[in-house]
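Engineer: When we follow my numbering, the leftmost residue of the sequence shown carries the number 393, and every step to the right adds one.
Hints listed in this document are in silico derivations from the structure and should not be mistaken for laboratory results. There may be inaccurate statements among the hints.
As the list claims (entries may be wrong) - Label pairs and their calculated CB-CB ranges:
no., residue 1, residue 2, range
1, Tyr416, Gln448, 13 to 21 Å
2, Arg461, Leu481, 21 to 29 Å
3, Asp412, Lys471, 13 to 21 Å
4, Ile402, Ile456, 32 to 40 Å
5, Arg445, Pro420, 27 to 35 Å
6, Asn428, Gln448, 29 to 37 Å
7, Ile475, Glu433, 14 to 22 Å
8, Lys471, Glu424, 37 to 45 Å
Everything numeric in this text was worked out from a predicted model, so none of it was measured. Yeah, the Cβ is synthetic: ideal placement off N, Cα and C, and Gly gets one too.
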Amino acid sequence: MVDNLSLTKISPSVDDVKKDVLEYCQQPRHKEEILNYIQLELKPYNYKKYISRLFQDRYLQHTIPQNPRSSLQQYITSKKGAIYLKSLL
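From just these sequences and the hints, can you work out the full model?
Structural biologist: And the structure:
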């Protein structure tokens, strides 16, 4: 008999991927690139759970802050994010 839990892909927590995303975003990245990097589908839920959450917590910042909905919008590690990364060393 197959266990149902073994068939379900468990998504990582924000804390599990925070370090990886912040290191990856030391160069500006589009949301599609970030989600692809952490091996998640481009879906609104994944965007809200990972990217938006890190942005709201000020670990990431927009590259075009005056136009948050721009199709050219990218994310980059903020000063707070860089301090967090240094604290892990």
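Engineer: Work down the list of hints and note, for each, if the structure agrees.
Structural biologist: The hints, checked one at a time:
Between Tyr416 and Gln448, the C-beta spacing of about 18 Å keeps the proposed range 13 to 21 Å intact. Checked against the hint of 21 to 29 Å, the C-beta distance between Arg461 and Leu481 comes to roughly 36 Å, which is inconsistent with it. Taking 13 to 21 Å as the suggested C-beta distance range, the pair Asp412 and Lys471 conforms, at roughly 19 Å. Range check, Ile402 to Ile456: about 34 Å between beta-carbon atoms, so the 32 to 40 Å window is met.
Distance hint for Arg445 and Pro420: a CB-CB separation of about 19 Å, inconsistent with the stated range 27 to 35 Å. Checked against the hint of 29 to 37 Å, the pair Asn428 and Gln448 fails, with Cβ atoms roughly 21 Å apart. Taking the beta carbon of each, Ile475 and Glu433 are about 31 Å apart, not inside 14 to 22 Å as hinted. In this structure the hint that Lys471 and Glu424 lie 37 to 45 Å apart at CB is violated, the actual value being about 25 Å.
Hint compliance for this structure: hints 2, 5, 6, 7 and 8 are not met, and every other hint is.
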